[in-house]
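Dock chain B against chain A, hints included.
Sequence order for the protein chains is A and B.
For the first sequence, the numbering used here assigns the number 88 to the initial residue and increments by one for each residue that follows.
For the second sequence, the numbering used here assigns the number 7 to the initial residue and increments by one for each residue that follows.
Careful, some of the hints might be misleading.
Okay, the calculated bits of chain B under chain A, using three or more residues with CB under 8 Å as the criterion [claimed, not checked]: (1) 72–82; (2) 393–404; (3) 442–456; (4) 508–522.
Here are some chain B residues the structure puts well away from chain A; computed CB gaps all over 10 Å [what the hints assert, rightly or not]: (5) G136; (6) M176; (7) T388.
Since the hints were derived computationally from the structure, they do not count as laboratory data.
Here a beta-carbon is modelled for each residue, glycine too, at the ideal position from N, C-alpha and C.
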Amino acid sequence: MSYVKPKFRHPRLPSNRLGFTVADYDGAISTLCAGCGHDSISAAIRTACFESSLPPHRIAKVSGIGCSSKMPTYFLGKSHGFNSVHGRMPSVATGASLANRDLTYVGVSGDGDTASIGMGQFVHLVRRNVNMTYIVANNGCYGLTKGQDSATADLGSVSKYGDVNGFEGIDLASLAILQGASFVARSFSGDKEQLVPLIRAAMAHNGFAFIDVVSPCVTFNNHNGSTKSYEETRAHLDAMPLDFVPMREEIKAQYDEGTSKSVTLHDGSVIHLKKAVSGHETDDRQAALNTIQDANKQNRVLTGLLFLDPNSQNLNTNLELATRPLNELGKDELCPGSKVLKSINEGLR
Amino acid sequence: MKPTNTADPEYFHRVVDCQYACPAHTPVPEYIRLIAQERYTDAYMVNWESNVFPGVLGRTCDRPCEPACRRGRVEEEPVAICRLKRVAADFKDDVKHLIPTAGPRNGKKIALIGGGPASLTVARDLAPLGYELHLYDEHAKAGGFMRSQIPAFRLPDEVLDEEVDYVLNMGIHTTFNTYVDSLQSILDKSYDAVFIGCGAPRGRDLPNLPGRKEADANIHLGIDWLSSVAFEHTKKIGKRVIVLGGGNTAMDCCRTSRRLGGEDVKVIVRSPFEDMKASPWEKEDTIHEGIPILDNHVPKEFVVKKGKLVGMTFEKVEAVYDDEGKRRLVPTGEDLVHVDCDDVLIAIGQENAFPWIEKSTGVRFTSWGTPIINDDETFQSTRKDVFFGGDSAFGPANIITAVAHGHKAAVSIDMYCNGLNPEVNRPDPHHTLVSQKMGIHEWSYDSIPVTDKREAVPLVDLKEALASKTLEVELGFDVETAFVQAERCLNCDAQTVFTESNCIECDACTDICPTACISFVENGDEPDLRTRLMVPAENLEQDLYVSDTLPTGKVMVKDEDVCLHCGLCAERCPTAAWDMQKFFYTMAKATPDLLVEAAE
Numbered sequence: 088m089s090y091v092k093p094k095f096r097h098p099r100l101p102s103n104r105l106g107f108t109v110a111d112y113d114g115a116i117s118t119l120c121a122g123c124g125h126d127s128i129s130a131a132i133r134t135a136c137f138e139s140s141l142p143p144h145r146i147a148k149v150s151g152i153g154c155s156s157k158m159p160t161y162f163l164g165k166s167h168g169f170n171s172v173h174g175r176m177p178s179v180a181t182g183a184s185l186a187n188r189d190l191t192y193v194g195v196s197g198d199g200d201t202a203s204i205g206m207g208q209f210v211h212l213v214r215r216n217v218n219m220t221y222i223v224a225n226n227g228c229y230g231l232t233k234g235q236d237s238a239t240a241d242l243g244s245v246s247k248y249g250d251v252n253g254f255e256g257i258d259l260a261s262l263a264i265l266q267g268a269s270f271v272a273r274s275f276s277g278d279k280e281q282l283v284p285l286i287r288a289a290m291a292h293n294g295f296a297f298i299d300v301v302s303p304c305v306t307f308n309n310h311n312g313s314t315k316s317y318e319e320t321r322a323h324l325d326a327m328p329l330d331f332v333p334m335r336e337e338i339k340a341q342y343d344e345g346t347s348k349s350v351t352l353h354d355g356s357v358i359h360l361k362k363a364v365s366g367h368e369t370d371d372r373q374a375a376l377n378t379i380q381d382a383n384k385q386n387r388v389l390t391g392l393l394f395l396d397p398n399s400q401n402l403n404t405n406l407e408l409a410t411r412p413l414n415e416l417g418k419d420e421l422c423p424g425s426k427v428l429k430s431i432n433e434g435l436r
Numbered sequence: 007m008k009p010t011n012t013a014d015p016e017y018f019h020r021v022v023d024c025q026y027a028c029p030a031h032t033p034v035p036e037y038i039r040l041i042a043q044e045r046y047t048d049a050y051m052v053n054w055e056s057n058v059f060p061g062v063l064g065r066t067c068d069r070p071c072e073p074a075c076r077r078g079r080v081e082e083e084p085v086a087i088c089r090l091k092r093v094a095a096d097f098k099d100d101v102k103h104l105i106p107t108a109g110p111r112n113g114k115k116i117a118l119i120g121g122g123p124a125s126l127t128v129a130r131d132l133a134p135l136g137y138e139l140h141l142y143d144e145h146a147k148a149g150g151f152m153r154s155q156i157p158a159f160r161l162p163d164e165v166l167d168e169e170v171d172y173v174l175n176m177g178i179h180t181t182f183n184t185y186v187d188s189l190q191s192i193l194d195k196s197y198d199a200v201f202i203g204c205g206a207p208r209g210r211d212l213p214n215l216p217g218r219k220e221a222d223a224n225i226h227l228g229i230d231w232l233s234s235v236a237f238e239h240t241k242k243i244g245k246r247v248i249v250l251g252g253g254n255t256a257m258d259c260c261r262t263s264r265r266l267g268g269e270d271v272k273v274i275v276r277s278p279f280e281d282m283k284a285s286p287w288e289k290e291d292t293i294h295e296g297i298p299i300l301d302n303h304v305p306k307e308f309v310v311k312k313g314k315l316v317g318m319t320f321e322k323v324e325a326v327y328d329d330e331g332k333r334r335l336v337p338t339g340e341d342l343v344h345v346d347c348d349d350v351l352i353a354i355g356q357e358n359a360f361p362w363i364e365k366s367t368g369v370r371f372t373s374w375g376t377p378i379i380n381d382d383e384t385f386q387s388t389r390k391d392v393f394f395g396g397d398s399a400f401g402p403a404n405i406i407t408a409v410a411h412g413h414k415a416a417v418s419i420d421m422y423c424n425g426l427n428p429e430v431n432r433p434d435p436h437h438t439l440v441s442q443k444m445g446i447h448e449w450s451y452d453s454i455p456v457t458d459k460r461e462a463v464p465l466v467d468l469k470e471a472l473a474s475k476t477l478e479v480e481l482g483f484d485v486e487t488a489f490v491q492a493e494r495c496l497n498c499d500a501q502t503v504f505t506e507s508n509c510i511e512c513d514a515c516t517d518i519c520p521t522a523c524i525s526f527v528e529n530g531d532e533p534d535l536r537t538r539l540m541v542p543a544e545n546l547e548q549d550l551y552v553s554d555t556l557p558t559g560k561v562m563v564k565d566e567d568v569c570l571h572c573g574l575c576a577e578r579c580p581t582a583a584w585d586m587q588k589f590f591y592t593m594a595k596a597t598p599d600l601l602v603e604a605a606e
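This is chain B alone, in the form it adopts within the complex:
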């Protein structure tokens, strides 16, 4: 293997698993250390700079960081990252004086359509630069999905209001209770750019089919259900499942059902098999998994008995094509077909989420109804001054993803408004790498990991909780528990940095490493090298850190997989060939860095 290029910040970025997994790349170990030091305000601000809604996310985040957490590979449970974020929000002092204010006007005007996390992030990033921001939302308050989809017993209004207001108080012009029904009308107001963060397209329903309302508990909209499965909110489904629809979403639905307990799963589609929208290979894979596809069946009714869905009836049709090749589905006149089921997944297409965007504006859409966007860096649409972000860009995701979109879109908008092409020469992420050596054998962080287990967040009494719609169920960690939970963090941002010119190959690091990460071996290609280490490096998602050739002809190979970042390699190194260096990384933002490296 070639020596690892540690000058590329992406290498050490990948080592900080939690931060790398976070769409907004929140510097997790940094704020967790601050929590352990009882510096809650600093911890909050490190969060706020990255993800804008620490209090909200500390309660509701989908936490992609936690499955990624290295601690979860070293022992059973990852660090309670999400709930520690809430600790920072709960115990912080007043932060108002730390929040930037609107910058001197730069003469540019931006419209934000929708008041959810994506738009608010764009507003947060652009306001200090002097942009005049106009935010439109159909509801009476900003917050979007965070307000409409998350029940108050999980996210109290005060928490959401506080963090939404930090943004709005930067002099954002708001127009609430106003549904924007024409993009052209917005463009006519001569904004310099428009950001659309109005949420995801919704799956199409069968609202008028008999029984739809009564059987609602067992009828799910395909894309919503899939995202719910993806976020592990839904973990099972009935044994008998009907999937309505013939597209790729229907194929995903039926195959997912098979994996969640569905035994008798059928796809039922109106059109003939050949006309189905699903890709041929998707259909093949579905049939291969023992899922029958019944074509030429038009849904007629959800059959409900004793208030519960028991099946559906269908009318058999055949396709008749006229001279122009236009298809009509003509009933065959046979008896209605009854199919028993426990659950129905409706995957018959999507409502157009953007009926208000006129074709004449030049904003174009894919056949799936999502906007055509350059890529997931620029978020620029086919009309150069219109940008998308959040769920409206690529479909339903989550809050932290919307925030990440907002940061990137804000960079693009700032570049665009300054006459630059947002596709080229985008600003690099900010990063620093600083030695943490405090003395001969001393590091600036608690290097030896504690063995304490993860603890669940305490809850309010169940009776009390069920009696209220707004009482927050989770109590949050107290200060003592938060300290112990924070100490579980392995400080993966304290990087093991190797300087081969200093190495005398004494093996001290190999001998001391508790998790056998470091090997000195003959070089080879990666698959070969992975088998020849102290413990074979089987986790292919984790990189090998390889040095240049050493005097004996060997190379140093470190498997990053289960490194404890305990610093013992560096402590036992007689020549400081190993050093523990704190890697601080923040994604590029339009805003000048607000609070970089609070701990230094």
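Chain A on its own, in the form it takes in the complex:
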């Protein structure tokens, strides 16, 4: 087994606006199972950060516990990272985001880490609209403990051991919309053409951006009867393609009117939605929920941008916190002196 990736790269790798190649966003070689969907998500995050020309040292990766939460080791080897306690990544992310609002936060979690042990933390993270991208690598099973059904396993899905799941699965995307998330998407690890622009848009979004990614577990959940295998997911995929155009770039692609719709984010970036399912409106929370429920009823996996409020207020703004990271505040700002204290006290009298 190879423990290191060869040092050599393609001599003609393209570079981004910062002069970096995609290799500068690489991490260590993956120790996940060969063919794991999570590795594709890692590659998509890497590509997204490269294409958006994000400086690696201005990104922080946070995760909990699980196969999914090992992922941050395998991308962005030059970024900050915090591998926290099981299901407690939201607390760490909230604290980090409040302390240093200038970094780009990428949280990576799994169906167990989010929908079971971390559910309590997760809903509060959504509710508070913490400024981060939260990706769930959703394989419907506990891969690290030999493939038991997880809380997102679909009703009727058959486990590798032949047991039929008798419980309704938690739909994390619907939950996030219901709980007031400002950016909600679903995607598939095997569809980078959609996943990469979604991640780029999520990172540009001001507020909590949630992406639920169906990510097949090749070892424990890729058999006949599983609803989250590569084959089943592809067979039921209903993908809404999109393009992401960051603020500084000019729009190159041409879109036919009527088949596409654009949404402008707070920083001037534009998301082009190329195909909407039966007139799906991304700015209507109620309609988004209905669309998802309809797709679920028809046994379709609807992927793409499901809901977006481009003008949301993130936690830092809501709490009217300092506009600069705490580590940039000097002594005089943190300790304004007795004069200021006096005037505050005066104000309370």
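Okay, now just chain B, sitting in the frame of chain A:
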């Protein structure tokens, strides 16, 4: 694009760049791995089977393999293939018992004219089959060009003798110190076939022109000079160059001179412009490059001052045609013309290299004086029992090319002597393709390439070297350096073999590939496909490996250009749709395969 037909061995053969570039198709990665394993004898024998002279070639080969080496595209310098070959020769044990002996006589007799690498290769291949071989050479020892043209400080006599003797000791009848002056006399000895490997025709000189000897350092024979440029032995020429002659070789010479630093280059020719032998388009191209052609000038003298060439003088003539249209060049009586120059290239035609071959034998020649040969597979001349090879076939090349000719000619001779037409149903090259999987994530070779740089071969002390004509200048790699240098090989013969029916399109291979070789895209024609890959495939000399259509409608496209053969695609593949399989290829030889796949 249509799916790549990997059942055709030529596809994977092209992926092994070094082996493909080698005229004798030596299995380079195979012997380099054996060197890394300290199996020098096996490495030597893999070489010996392919190229007959590993010790000689490990010092003197023109190494077409190295510019082709994939490592040179991945980082700066290719693997030191040639000098690793010498390592195998230097550190091998006694190999005499591994060398085949003459086979039981089959009653056929073959004459070999000339004792160079081509003839010796024919002898090596045919002796084990029971042929009686008679080798003629004008010198006292065999070796040909390898002995006469390569100085001993580059190639010690012992090394050459050893490898020549391996062949001669297979019971070859030798007739040395004998210049064959008549092909008919050889044919009269009722040989079943004759192989001619007597070397190249030489360029014609102007030996009697005044100053020729004194100015020798700056006078070059056109075809020799061109081949020397081709092999990069010559990299520059003086600013002012005179090219004598009016044929295509003269045109090549003057245009090449312009590219090697010649600024004031002139072609000077005896005949009128219209009568020049060069093709009209060649003349046009020459003039287009700012090279004047002075016609009607007959060379008279090389002007030498202080022992150095400074120019030439010419007599102006005009062409006078008699009633039968026969041309005479008559001096005009004007003053001699002096032209300054730093170098002169003589391209006034070639000496006939085959004055000893009688027309009546039926062996015919081109107007360039080279034998008319079927093609570069059969090497059969216009007389069915006479074969050519080495430099005498197509003009000057190099040792490894002569060896390749020898192998092919031996096949032809063997077929001919068995009543078969060597042009049809020639034997196929031998090849195998075997998985190198040792465990779930384990390969039989060191798959992750090392980052060590190429190292130069150490030399003996300069003072010592210059004091001797025979002291070998290069010391060769020691065992430790050889190991590191061998590990630089990317093992391009470990092929990435893709089975589309296994693929679940999980992208694991695309994601892991360090050099972004693998893409899953919609199919298209090749030029279009090349632009749509992870990194556009700009090296058109390297193939695209394209799969059949996969369930999503996409195809797998692999650009072979900078693949590290690290096996990570296969390691990360959950369904073994990718496998690393060793491709072993040897060109067809008359000899039964001696030592196929030593490493298996």
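Please name the hints from earlier in the document that this structure breaks, with their numbers sorted from lowest to highest. Checked against the structure, the only hint that fails is number 2, while the rest are satisfied.
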